[in-house]
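Residue numbers (the working numbering), protein chains in the order written: chain W, 1 to 696; chain Z, 1001 to 1448.
There's no promise every hint is true.
[Unchecked claim] List of simulated lysine-lysine pairs, BS3-like, C-alpha gap at most 30 Å:
no., chain 1, residue 1, chain 2, residue 2
1, W, Lys-420, W, Lys-471
2, Z, Lys-1334, W, Lys-111
3, W, Lys-103, W, Lys-114
4, W, Lys-491, W, Lys-410
5, W, Lys-114, Z, Lys-1327
6, Z, Lys-1334, W, Lys-83
7, W, Lys-174, W, Lys-233
8, W, Lys-397, W, Lys-502
9, W, Lys-116, Z, Lys-1327
10, Z, Lys-1334, W, Lys-213
11, Z, Lys-1327, W, Lys-49
12, W, Lys-399, W, Lys-351
13, Z, Lys-1280, W, Lys-213
Calculated from the structure, these hints are not laboratory results.
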Amino acid sequence: MSVYNQSRSRVVQVIFLAVFLIIIFQLINLQLFSSDYGIQAENNAIYRKVEYPDRGIVYDYKGKAIMENTIMYDLMVTPSEIKGADTFTLCNILNIDTAEFKKRIVTCIIKNTKYKPSIFEPLVSKEVYARINENIYKLPGFGITERPVRSYPYHCGAHFLGYIGEVDTAFLRKHAGEGYTSGDFTGLSGLERSYEKVLMGQRGVTRFIRDNKSRIQGPYESGRFDTAAIAGKALYTSVDVEVQALAEKLLKNKIGAAVAINPKTGGIIAMASAPSFDPQALTGKDRRKNFSRFFVDTATPLLNRAIKGQYPPGSTYKPLGALVALDEGLITPSFGYGCGGAYYSCGRPVKCTHHGGGHAANLRLAIANSCNSYFVHVFRMALDNDAYPNPQAGYIKWKEYMNAFGLGVKLQIDLPSEDKGSIPDTARYNKDFGGFARWNSCNMLTLGIGQDRMTATPLQMANLMAIIANKGYYYTPHFVDSIENENKIDKEMLAPYRIKHKVTNIADSAFQAVHLGMHDVTIYGTATRVKIDGVDICAKTGTAQNPHGKNHSLFVAFAPMENPTIAVAVIVENAGYGATWAAPIASLMMEQYLRDSLSTKRQAEVDRIAQVDLIPAAMKHWYYMKDSVRRVKQITINADTVPVIKNPAVTKPIQFDPEAEPDRNGDKDTNATFKPTEMILPDTAKRIKPKKNGHG
Amino acid sequence: MAKAYTKEVSKGVDWLMIWLYLILVSVGILCIFMAEYNPATFKMTSFYTGDANYSKQLIFFGVCMMAAIFIILSDSKLYPAFANLMYAGGILLMLATFVIGKEINGSKSWIPIGGGFNLQAAELCKIFTSLALAKYLSLTDTDFTKLRSQAIAAVLALSPALLSILQNETGLALVYTSFFIVMYREGLPGILLVIGFSIAALVVATLVVEPNTLAIILTAIAGIILYIFRKLLKKDRRLLVMIIGIWIACVGIQRFAVPYIFNNVFYCYQSQRIYSMVGKEYDCSQNKKAQEASAAGQTTIVPDDYNVRQSKIAIGSGGFAGKGFLKGTQTRGKYVPEQSTDFIFTSLAEAFGFIGAFIFLGLYLLMLFRITIIAERQRSTFSRVYAYSVASIIFFHIAVNICMTLGLFPVIGITLPLISYGGSSLLTFTVMIFILIRLDADRQMVLR
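Same shape as in the complex, but just chain Z (with noise of 0.2 Å):
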């Protein structure tokens, strides 16, 4: 009987990815573990009592592995019924934050739930997000191929993130931008990532070249193009104004813009941050928050890249082979800043060395593909928004945390998805998984 319950519970449930998910947490619990692990001090019983991080992200998973039995219990309908009002739900959570908020590293966003713990309601509307997002595209009355079904797409997933920013945590805002996959896999114009990684490109070129020199170089591209199109312009004079508005946009961008941005809307370490990342000096003089610091009287700690060089070390001095178990130097000193939390990568890269981190990235992409795999094969719109959701915030964390641990991206607070240390991180993404292997284990149905 109890067979028979469990086939029927278990019936097109996609195991691998169960195994990814399982494989990926004790990875985790593993690199924290090095992470914490200290012999003076290290004592077997230090796993169930709680005291240290794997210790209680062992408690976490527990915890996640009854959410994740919870769900898989559940009926798929129940996703797409309640979808909205979860959402809300989220949004009244996070507004709720600024209230009864608690101050963790410097970004208001923790909610106290007793026992020490405390839950980061942005990382939880996420979900919520995803969901809501799938179920207004998955509408017959949407018609995602008009302007104004896109607008309020983009104000469904974009409304979170400026709550995050609210709460000083824009490294979880960041992360509501990957929706923009989502969105471009489900009908959203090529020609916005083309322009989106143009401005990108241009920020860049900003950042590292000198601004005149950029000037000119923008103004002989325009001037380049408008010589190679001569003819078709005389027949179309709207094509000659385009040109030369794009041209002023950019060299508005690169001249006014950019640094605006840098020096008005930014922290001083933001701004360094960033300008680290092309090898360049920021000067928090120009700083305009810097300024108003500086004369309130406070003082203004000037950082350096001292976390990223230290994980470069790291992960540089792992070689082919790496270190070994607890044999990373650099882990063990804990010369790397939030080693169990942001920059795990770093351990497991000295540790592991190259080999380590290349299978662990593979087991990454073959769940991302995965997902990817899953998503197409639903027969309700609302599963595949939801599986695809799933698999750009999934890739979107990974991209960012690694690339921040490897110097290819400024510093910001993103977690490494089932590896970081973090009960509000872990369950997130544990709930995201479940739902979508619950959603999929229903794949024939069509869910609205």
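This is chain W alone, in the form it adopts within the complex (with noise of 0.2 Å):
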């Protein structure tokens, strides 16, 4: 009976056999031919836990650390295991009611979820720190974990040092690939931008295997592709930390900015900018806060002006017009021109400080008496230079001259988002005049005394004094100097500050004429106040019109006169002569630098120039503003007692055009201490001989 249906085996065996068929293609589809479904399980089990290295170190050129690193601490809780926790003692240390810890751990739950930690207070006070430390056995589910965080010891350098902050995605777009993730910290300015690669150190990465509620357990592949965390590497600067704090102490209550470059390396020994503020402002806990009010004040602190701000240089061109004609052989140092007290060549005459008795009769003299008519002259040769077919092949010309001295361009300092300043095109100028060889060396002459539409940053006006020192040559300004253990790609960071850039080929016994007038300037001329004792000074002194207010005050100068080891330009904003406050400030800078202290007499000066208040008055009335509105917001809390409010100033809003028409009385100086200075004359030189090698 069993013969009857035993083909039916046949039919059994092939049902079989075709569900497992039906299984195995299932599992070559799923296996063999779904290749996201490795990802998604690594994306389910792998936890990268990253480690952060110490950022590097920042070291002044005496060894002094000028930037470091802190650990500040921060509170965590892990929601699922706070049960029991004693939350009154909690929320007495950290002053919040339960109404304010339950948002937090709902928050931390919506954010995190119930079984990962997450931050319930970011940086903790030490205090906080020592009392929650204490209670730690109440607060099961709590914990503290370091951070380390930037520290500046000498609370100085704000502008340079730059700042840094978390990562946001359009950074994360533009550096995919280079191991930063959402919640990573990076530098955003200064040199904590420039040389991130460096001070990052190396990111350590352990991966761990989660289960399906987030928790750990255990190492992945018992750590095998895990990396420890390297510190970032130290960078060794040119900045002279005591050079900086006093610079920045200096132009305390002022609106400009100092450099200071030691013109035989390129390296920056003080860069400050006015107003500054306390880097230390920028890390910890009132981050956010502290940044926001930086970043809408009006007076714009977080703007770096010594690579940012754009000055018209003034009469601190005026060596610089010199060169050009002595490079191209058009004057001699012997070179004079009879100056009546004004330049007359052109229509309207352009006005000069002396008049007669032969202040211009040669180069020396003209820059001691800073002769405006010598150098519109000058300036006019070296358009009108025969060599050239027209004023604008020439205007060509004297511009590559501009160029090559680092006006008009970038100088490529290793610092973010340098400014260019301004030289203009021949465009501009055939824009301005109707069309091309519409114009002629007439139409721009005050540019020949460093007017017109040029301007300039700080930082390429201490570095033309690094080339006037340096007869000829400079090296690209910059601040780090070296990198601990360099390696291939640090060097080669590092190689565009290590070449010469030769400049100018003109004599040095031409040069000296150059650098002897300058000295002059200190002796007799504008800048009698900027004395050293036993050191020979270079300087020239600058006044900017401004169209908006007070005259610009401008100082540039380097020292010692024979080997030049610090080559300085000085800006403060409306302060009027250039000689009033910017003069001693760099005149202090140097001794600073010089002497590596400065004497008491000089102490009581620097005391002096921080207390004095220069800011604008628009300025004041907007703080006056800010002030007033908080104020009455108190006011109206407590109402008994009204205070008073004095309304500093009121002006008419102010905005900035460069167009505009020069404030020419501006020049009017109030404050002035200053003297008008007496000529110098042929014989004045025959008379006191400046000291040659007088002093090393």
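Using the hints, put the two chains back together into the complex; each one sits in its own frame.
Right under this line is the structure:
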């Protein structure tokens, strides 16, 4: 009877086989042809824990740390484990109420799930840290983690050191594949940004297996793919932190900038911009608050005016005009111009502070007396040079010189977002005068005295001084001299700062005339107040005309004359004559650098300058408005005591317009301790011989 | 003396089956170990302390080996003799669970037997039902070509299933439908299988295709058939009636029966699981039981296909060669729920990849084919029917369980034979297989 249905045995086997084939087909589909399951499984199960190394330390040239790291503490919570925690104690310590506590816990759960630790209170103070530590046994589920934070022992250099901040999506898109993830910090400005790759060090990555509730189960593959964190490398800069601190102190309550460069190396000794702030303000708990405060401040304390401020160089340009003419062979140091108190050759006369008496009888005298006519003439000679077919070609040649001197181009300093200032193109003048060759050297003759459309940054002015001090060459200004354990990439990074740029081919004797002229400025000329005992200083004052208010005070200098080791440019906005405020600031900086200290007499001078308030009235009015709003709020709270607020100034709103007519009346300096200087005449030099090799 | 005795006992025993059994149980313990393993808490002693599941499974294995030896030593005549009695006992045991039963994971089908161990009566009942069906079909006065005998056999097979459904253990109830394979082998008309498949296809089509579109398709098919057989239809009016009857039945199932079952019979989660198989969403607000629950103020948990998704990720990430023993990240992270019981295949496929899964399935297929070969070599109908019952049950378990982990079948609680963690399951399959081996050793005997 079993024979009857025996064929059905085959059918049953075929059914078995068919179902197994379906299973195998699906297995092939899932395991061999679907690649994304592997990635999904990794995303599920592998947790990358990133360990952040300490960022590199920045040292000044004497080996003092000006930016280092300190530890701050985050209070962490794992919401699933807080059962039985003494929330009352915790709320007392943190000074919050239970409602706030609950709100924070809910936020943590939403952000990071119940099972993962999240930050309950970031960057707690040392005192709170100690109190929490004391009570930690009452607080299951809470823990304290360390977080390295930047610290600044000298509380200065905010502008060039820069700050770090959390990366945003745009940054992540731009730096894809460099190992950044959201929540990471990166340098956002200053050296922190330029040297991010060096300072950041190497992140350590530990991979863990986590379970379905995101709890860590153990290392992935026994840590085969893990890497250890390597601390960032140190930067050795050319900064003298004491000069830096002094510069910032002197620029207090002013708007302006000061840059000091070592001409021998191009290393920057100090770079201050005012108004400034304590770099420590952008770390820690109040980072956001302070940042937004600085961000809206009308005086723009976040702006580094040393590389972003653009000022007409004014008279400080004059030595440069001489160098162009000398290099082109148009003049010799003995070239003179008979100035009669103004330059008349182009219609409207250009006034000169002196007249007659041969005050521009040679180059040295012309520089010492800052003769406008002489340098306008020399500028026109450069444009109308017979070697070129027309003034336009002459202008192009002159512009090439300017660019070679670092004006109108970025110097490529090792800071981000440097401005290039302005040396206008011929196209600009073609537009102004309605076509090519519709203009000649007369139309822009004030370029010859550093006005017109010419602007330069304080850094560029300091670099000009370095070129003159070096007699014709410079190294690109930079902060970082060397990097700890320099490797090939680091060397490549620093290579541009180790190249000598030769700008002019002028005989040393001709340079000597420029140096002596500038030296005379400090002896008989406009800047007699800058003298440092026993040091020969070469300097040039400048007063940049400002269409909106009082003129900007400019001062450039280098010292010692025979073997220059420091070149300085100082600009104080709305401070009148260059000699009044900018010159003493530069002088004190040079003394600090050359002598490593200040005499007590000079110390008094520091305090005097630091206390002077040169903030323009418009800005004060802005602060006043801000303060009044705050006070009015305060008044509504305690209405009985109404304070009286004195309005320091009410001014019309001011908008910057570079095309506007300069304010000629701004020259009248109310603060003036400045007396018009004695004219230096050809025979004066014979009467009083400047010491040539007097002081080494 | 001892040697001669051993020889006599093992005479006629199918060693291939025993080897396959041992290999599969070992693989099972290995898989459970993988699913449980945690390097932080693991000690060698955990193997025998009985705390971890793999250690418990080892104890179960020991118990099973004792049962197996006992069965091998027993007399084959015992099984046909006591088949009916055991079936009655099994049914009684299942009824008893309603009184003394314990609820685990929402199904009241477990009888506590002390020491923290529980017994699932429905599992054991599979053996008794197999024996009873074999006994009934081997009776000399049973003529399986008759409808009456077929009906009795169906009642025998499906009564425990009914009790299982009442215990809220739908998965095990479904297993009893596998007896239709046995009945087919014993002469159940093949047309029934065809009808069964057709209805299944229609149900799937109902889920996948838009109701109106499907109605039009069905009508079109009916029209085409009528056109092709138009000459025959003139001769025989009954054919016309039959075709129209089938058409009405199909449309009826599609339009009314299937939606009714999904909305009123199934729980919301069951409907959702079935719908998610074909990649569709089921709206629980249509479900009557869900409505009642929400009316009663109970919050219904909205399930999703989390476990199937995670299971597919685990299997898919295994790739061709697998991640290696104990290196499955999905398994280690316990992303797949029930990974030492129902979803154990997941761990295996993740760790050993396609190659491992393929060899593993090969072992199973070899075992199934071996059982059909064993079945066909029996002289007695009892042994043959019993052997087919064993093959069908094992096959059904494997097919449903693995298809479920691969996302080809709705998730229902059915274990993977000899692999999944669980004493009841392991014991049932051990007893089942060793009774088969015992009966096969006496294949020349005619048992009734």
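Where does the structure disagree with the numbered hints, that is, which hint numbers, in rising order? none
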